[in-house]
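Going down the list, the protein sequences come from chains A and B.
Position in the first sequence (first residue = 1) + 315 = our numbering.
Position in the second sequence (first residue = 1) + 2 = our numbering.
Be aware that one or more of the hints could be misleading.
Heads up, simulated DSS-like pairs for lysine-lysine below, C-alpha to C-alpha not over 27 Å straight-line [unchecked claim]: (1) A:Lys-397 / B:Lys-131; (2) B:Lys-10 / B:Lys-131; (3) A:Lys-440 / B:Lys-115; (4) B:Lys-38 / A:Lys-370; (5) A:Lys-440 / A:Lys-370; (6) B:Lys-131 / A:Lys-440; (7) B:Lys-38 / A:Lys-397; (8) A:Lys-397 / A:Lys-440; (9) B:Lys-38 / A:Lys-374; (10) B:Lys-38 / A:Lys-440; (11) B:Lys-86 / B:Lys-10; (12) A:Lys-370 / B:Lys-86; (13) A:Lys-370 / B:Lys-115; (14) A:Lys-370 / B:Lys-131; (15) A:Lys-440 / B:Lys-78; (16) B:Lys-78 / B:Lys-131.
If you're looking for bench data, these hints aren't it; they were derived computationally from the structure.
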Amino acid sequence: MMQNTQREVAIRAAALDYAEGWFEGDAERMERCLHPELAKRALVVDPNTGETTFKHITKEGMVRGTREGGGTDVPRDKLFYKIDIVEVYQEVAIVRCDTYPYVDFLQLVNDEGNWLLVNVLYTVKRTET
Amino acid sequence: MTSQSMVKQEIEAAVGDYYGGWYAFNTEQIGRAMHKMLAKRNIEATEADSEALIHTTYMEMLGYTADRGGDTVPEKLRDYTITKLDYYEEIASVTVESGAYIEYLHLARHRGKWRIVNVLWTYNRNFPKELRHDAEYAA
């Protein structure tokens, strides 16, 4: 039981490094939670044209974007972090991360004791919550 | 039928095409379930005490399907169950368990069609090691 709790603490910490790292503009936190082969994706719809773009972001892109400010422009009083660990199976963890502007579905792997985000699918919320 | 039920049915249909296409060696069926930018990953044993993240693309999946990749799984282990399904607006996260695989899927909906964008999969711990792709090195 203690082992499972420690495992969940570590998974939650990785998810918070990702989410809080972005909104705090903390590139170091972002760097340490992402797998080198991160595939972060979204289907983004242009509200003016209705055209859909497939967006793919790498670890390098995420760390650079965070360093350049990330989500620091979001009003601090609107920030919240809801991390749900959906499932853990062997070396894989599935997490849902809800923040003010986004819902992120995360897939993590345990790489030599470190939980790292390897696949992400996210969306920008259409309605404020 | 509620819109929530309809969405779940649509997502389940995409999963059905993915598995159905794989085991029927039907590239058209599996192809319509997957996004062309599919990122399918798994951790595979490469040699003693070593592992690597293996990446499979959409085109590679079509190739493996056409090459009857599903033949490596005995028929009695091919049934699958969707054990978790969560969605928010145009994205979904699904867990699929079968005798051979535990697969975690991310799907996105575009023009009304749900397609698999990301996969992270592992072998079911009960799947015979000698049938695994990395049987030579698997612990």
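Status of each hint after checking the structure:
Distance check on the hinted pair: A:Lys-397 and B:Lys-131 sit about 38 Å apart at the alpha-carbon level, beyond 27 Å; violated. Taking the CA atoms of B:Lys-10 and B:Lys-131, the gap is about 33 Å. The hint is violated against a cut of 27 Å. Annotation: proposed proximity of A:Lys-440 to B:Lys-115 holds, straight-line Cα distance about 19 Å (limit 27 Å). About 13 Å separates the Cα atoms of B:Lys-38 and A:Lys-370, which keeps this hinted pair within 27 Å; it holds.
With a CA separation close to 16 Å, the supplied pair A:Lys-440 and A:Lys-370 stays within the 27 Å bound. Note on B:Lys-131 and A:Lys-440: the hinted pairing is violated, with a Cα-Cα distance of about 43 Å set against a maximum of 27 Å. Between B:Lys-38 and A:Lys-397, the direct Cα distance comes to roughly 31 Å. Violation of the 27 Å bound is thereby established for this hinted pair. A distance of roughly 14 Å separates the Cα atoms of A:Lys-397 and A:Lys-440; the hinted pair therefore holds under the 27 Å criterion.
At roughly 21 Å between alpha-carbon atoms, B:Lys-38 and A:Lys-374 fall within 27 Å of each other, so this suggested pair holds. This hinted pair checks out: B:Lys-38 and A:Lys-440 have alpha carbons roughly 24 Å apart, not beyond 27 Å. For the suggested pair B:Lys-86 and B:Lys-10, the alpha carbons sit about 11 Å apart, so the restraint of at most 27 Å is met. Restraint check for A:Lys-370 and B:Lys-86: satisfied, since their Cα atoms lie roughly 26 Å apart, inside the 27 Å limit.
Simply put, A:Lys-370 and B:Lys-115 have alpha-carbon atoms about 18 Å apart, close enough for the 27 Å limit, and the pair holds. Restraint check for A:Lys-370 and B:Lys-131: the C-alpha separation of about 37 Å exceeds 27 Å, so the hint is violated. Taking the CA atoms of A:Lys-440 and B:Lys-78, the gap is near 42 Å; set against the 27 Å cutoff, the hint is violated. Using a Cα cut-off of 27 Å, the hinted pair B:Lys-78 and B:Lys-131 holds, with the two alpha carbons roughly 16 Å apart.
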